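J.: What follows is each chain in one-letter form.
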Amino acid sequence: MSFMQGKALPTPATISAVTADEPKISMIGTGAYLIEAPGGFDLPTQRRIWALSHAVETWPEVREIVPGVTNLLVILKQTPEEPEQLQARLRHEWNCARSVDLTGKTVEIPVTYGGEHATDLAAVCDYSGLSDREIVRLHWQGNYTVVALGSAPGFGYLHGLDPRIYMPRKTVPSLRMLKGTVTIGGMQTGVSVLTGPNGWNSIGFAEMQLFDPAKTPPALLAPGDRVRFLPERIEL
Amino acid sequence: MIEVLQTGPLNTVQDLGRFGFRNAGVTSSGAMDRLALMVGNLLVGNDEGEAVVEVQTFPFRLRFERDMTVAITGADCDARVDGRRLPPWWALPVSSGQVLELEAPRRSARAYLSFAGGIDVEPVMGSRSTSLRGGFGGLEGRFLAANDRLAIGGALACAVPPGGFGALPPAAALAEHFPASEDGTLLVRAIPAGEYVLFGAEAERFWSQTWKISSQSDRTGYRLSGEPIRLASPVELRSHGVVPGVVQMPPSGEPIIQMSDANTAGGYPKIAGVIDVDLWRLGQARIGSRIRFVQSSVAEARGAERAVQAYLDDIRRTLPMLTQALAAMSRR
Amino acid sequence: MTKARKRKSGSLAEQVLDPATLEEIALWLENAGVRSIEIETEGGRLVRIVAGEDAASHGAGMDRPVLGPTEPPSVSPAKAPIAGHFLSVHPARHAAEAAIGASVRPEQILGFVSVGPLIMPIHAEEAGTLGACTVESGDLVGYGDTVFLIEPAQ
Numbered sequence: 001m002s003f004m005q006g007k008a009l010p011t012p013a014t015i016s017a018v019t020a021d022e023p024k025i026s027m028i029g030t031g032a033y034l035i036e037a038p039g040g041f042d043l044p045t046q047r048r049i050w051a052l053s054h055a056v057e058t059w060p061e062v063r064e065i066v067p068g069v070t071n072l073l074v075i076l077k078q079t080p081e082e083p084e085q086l087q088a089r090l091r092h093e094w095n096c097a098r099s100v101d102l103t104g105k106t107v108e109i110p111v112t113y114g115g116e117h118a119t120d121l122a123a124v125c126d127y128s129g130l131s132d133r134e135i136v137r138l139h140w141q142g143n144y145t146v147v148a149l150g151s152a153p154g155f156g157y158l159h160g161l162d163p164r165i166y167m168p169r170k171t172v173p174s175l176r177m178l179k180g181t182v183t184i185g186g187m188q189t190g191v192s193v194l195t196g197p198n199g200w201n202s203i204g205f206a207e208m209q210l211f212d213p214a215k216t217p218p219a220l221l222a223p224g225d226r227v228r229f230l231p232e233r234i235e236l
Numbered sequence: 001m002i003e004v005l006q007t008g009p010l011n012t013v014q015d016l017g018r019f020g021f022r023n024a025g026v027t028s029s030g031a032m033d034r035l036a037l038m039v040g041n042l043l044v045g046n047d048e049g050e051a052v053v054e055v056q057t058f059p060f061r062l063r064f065e066r067d068m069t070v071a072i073t074g075a076d077c078d079a080r081v082d083g084r085r086l087p088p089w090w091a092l093p094v095s096s097g098q099v100l101e102l103e104a105p106r107r108s109a110r111a112y113l114s115f116a117g118g119i120d121v122e123p124v125m126g127s128r129s130t131s132l133r134g135g136f137g138g139l140e141g142r143f144l145a146a147n148d149r150l151a152i153g154g155a156l157a158c159a160v161p162p163g164g165f166g167a168l169p170p171a172a173a174l175a176e177h178f179p180a181s182e183d184g185t186l187l188v189r190a191i192p193a194g195e196y197v198l199f200g201a202e203a204e205r206f207w208s209q210t211w212k213i214s215s216q217s218d219r220t221g222y223r224l225s226g227e228p229i230r231l232a233s234p235v236e237l238r239s240h241g242v243v244p245g246v247v248q249m250p251p252s253g254e255p256i257i258q259m260s261d262a263n264t265a266g267g268y269p270k271i272a273g274v275i276d277v278d279l280w281r282l283g284q285a286r287i288g289s290r291i292r293f294v295q296s297s298v299a300e301a302r303g304a305e306r307a308v309q310a311y312l313d314d315i316r317r318t319l320p321m322l323t324q325a326l327a328a329m330s331r332r
Numbered sequence: 001m002t003k004a005r006k007r008k009s010g011s012l013a014e015q016v017l018d019p020a021t022l023e024e025i026a027l028w029l030e031n032a033g034v035r036s037i038e039i040e041t042e043g044g045r046l047v048r049i050v051a052g053e054d055a056a057s058h059g060a061g062m063d064r065p066v067l068g069p070t071e072p073p074s075v076s077p078a079k080a081p082i083a084g085h086f087l088s089v090h091p092a093r094h095a096a097e098a099a100i101g102a103s104v105r106p107e108q109i110l111g112f113v114s115v116g117p118l119i120m121p122i123h124a125e126e127a128g129t130l131g132a133c134t135v136e137s138g139d140l141v142g143y144g145d146t147v148f149l150i151e152p153a154q
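From first to last, the protein sequence lines are chains A, B and C. Position 128 of the first sequence, counting from 1, maps to 128 under our numbering, and the rest follow consecutively. Position 78 of the second sequence, counting from 1, maps to 78 under our numbering, and the rest follow consecutively. Position 99 of the third sequence, counting from 1, maps to 99 under our numbering, and the rest follow consecutively.
Since the hints were made in silico from the structure, they are not lab data. Bear in mind that the values here come from a model prediction, so they are computed numbers and not experimental data. C-beta: ideal position from N, C-alpha, C; glycine also. Be aware that one or more of the hints could be misleading.
Cβ-to-Cβ under 8 Å is the rule here; a few derived chain B residues that face chain A [as the list claims (entries may be wrong)]:
1) GLY20
2) GLY25
3) PHE58
4) VAL124
5) GLY134
6) ALA193
7) VAL243
8) GLY273
9) GLU305
Chain A with its partners taken away, still in its complex shape:
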């Protein structure tokens, strides 16, 4: 379909072998199968998920694929007649899947760190034991990779956060966090795309529009893209 979010993934640049492990494959609806990769949240695993995505999205019975964080949701056009056979094919495809390194683009996002929207910066200081200046520096110096899009239109889960500024999600979410808020959630970071409730920790604000329904594709970010944050202003 020409109006779709393009191919779910860009064309692979390099391919390398990774070790075979058994994934978990489960049904989450009559026509929806989730494949969860074994092992940790790392880029090699993610690259293999991308390879699996590439292979599966060409299957004629597949309506949509949703690559997640070291997992892949496969949504079929119809309930399959032979679910066991389908699961076996997915398993086989995983075993054949090699790591792909996506030829992503680099997106530079100007950020105002601190200031009125950085309502959780003090909590991140308390949790990490670092100064606000140090947290901001570690954040903008990071090299990030878009692991997956999800949760809201065009929202990218970014991998590459410095472990010193990992910060668990809030137990009580902010009720009205502004679109454009730069946040940390666990070992991930991202820029919110909708104004609304949000459990991630805000440390800054970005004006850049990451999603435009009138554009093709509507989402600026894609899995495999590199993201750099540019510290346009620091208000501490």
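Model the placement of chains B and C on the given structure of chain A, informed by the hints.
T.: Just chains B and C now, kept in the frame of chain A:
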């Protein structure tokens, strides 16, 4: 054109949904009762997936600004055209200036208004469905308000009998494929999902108890209240894709069923998945009503899907025969 | 008799519901002096074809003693708009559209005839009081059969 004269909040333009953008975080949206949408469209001579108005808050009134054909399907809202009472699941020709009124239904939750030619709003990413959360699709990405006007597409000459006609509602036509309980509890068929086994003996109570649809329920999802079901030890799941019908178990132990505006990603343990073919019934379940999950299978789901398809095909096939037969008899 | 038409490839029900065929059959019936025929298809669906409206309403009277000769001539019938199964109550409702004894308006829906998955209304033709329903719900009715009796308003 049609003009909205009176409406509650959260009534939107919907079609069968927006597909192909879940990987960009875009929820599918679409009618909560897709079967009612499809039947309504077939009755007015449309393709089954044209855009319609989904009415879930009442009363709702609109005025037709030209002659057209309209169908009202889904919940029985005691619909009236210029005060004349209509049966549910009904299609009829209406004249410019006439007013259609819907009252709050006594049973079921949502009514669908289909117009010959379909609602002509600009498709966004391949669909006319309203994404309230994303703020796009439908009419300016928002719910309808009084004085809104909606364009209706050009329709082929539609041979609807002047006195109107209707379809057998799916609940009646497909009764043997959609089991009902004796006490009125909605039976929702589901298949165990990803983390089901982690619930161990607790899972038994997921099926055995009657859950109530809490007031914190909407097009995004239904939160159920009942005796909590908890995991022996918490699990941490990585963010993964989610679809309508997934039954998640948050730490509170009270399930959430993802519905048409389902989040595209989630991380709560999944105890079950409602079979797709039962989602239209859930879409008609009201806040405060009771449901019970019944363990199902892919084979059973396929059987019900085939029956639904046969019902829709039967409507599609019988409609031209009916209109021709009526025309022939009126000539005699 | 008109020239025989080319045989259609559809099911028997489709052939029988074809308007040209219907007209043809009705003409045969009239010529043969037969009032109505019923046809059962493989799918079990029955089709009843009645020759001429006069024959139909007369026929209903003959079939159902309810409408015997004592019936006041002022009573007006509400007739089935098509052949199918009579439904006294809409399948999604619990009560009839109009109760016996209630006053009805012209064009008001009194009951239904189901044709496969579709439903046609039986309308009151004039204002009056709904007198009686002459058919059991679920029974097969023919085109033009009297289903309700209305005592016209004075």
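J.: Given GLY273/B was flagged as interface, is its beta-carbon under 8 Å from a beta-carbon of chain A?
T.: holds, 4 Å
J.: Against chain A, run the beta carbon of VAL124/B and see if the smallest gap drops under 8 Å.
T.: holds, 5 Å
J.: Given GLU305/B as an interface hint, is its Cβ closer than 8 Å to any Cβ of chain A?
T.: Hint on GLU305/B: holds, closest Cβ of chain A at ~6 Å, below 8 Å.
J.: Does GLY25/B pass the interface hint, meaning its C-beta sits closer than 8 Å to a C-beta of chain A?
T.: This hint holds: GLY25/B lies near chain A, its Cβ roughly 5 Å from the closest one there, short of 8 Å.
J.: Would the hint on PHE58/B be counted as holding, given a Cβ-Cβ threshold of 8 Å to chain A?
T.: Violated - the Cβ of PHE58/B stays beyond 8 Å from chain A, reaching only about 27 Å at its closest.
J.: Does the nearest C-beta of chain A fall within a distance shorter than 8 Å of the C-beta of GLY20/B?
T.: Interface hint status for GLY20/B: holds (3 Å vs cutoff 8 Å).
J.: So, as I understand it, the hint says GLY134/B touches chain A; can you test that by seeing if any CB pair is closer than 8 Å?
T.: With Cβ-Cβ at 5 Å, under 8 Å, it holds.
J.: Does VAL243/B meet its interface restraint, that is, does its C-beta lie within less than 8 Å of any C-beta in chain A?
T.: This interface hint holds because 5 Å falls under the 8 Å limit.
J.: Tell me if ALA193/B is really an interface residue toward chain A, meaning its C-beta lies closer than 8 Å to one of theirs.
T.: holds, 5 Å
Hint 3 from the earlier list is the only one contradicted by this structure; the remaining hints agree with it.
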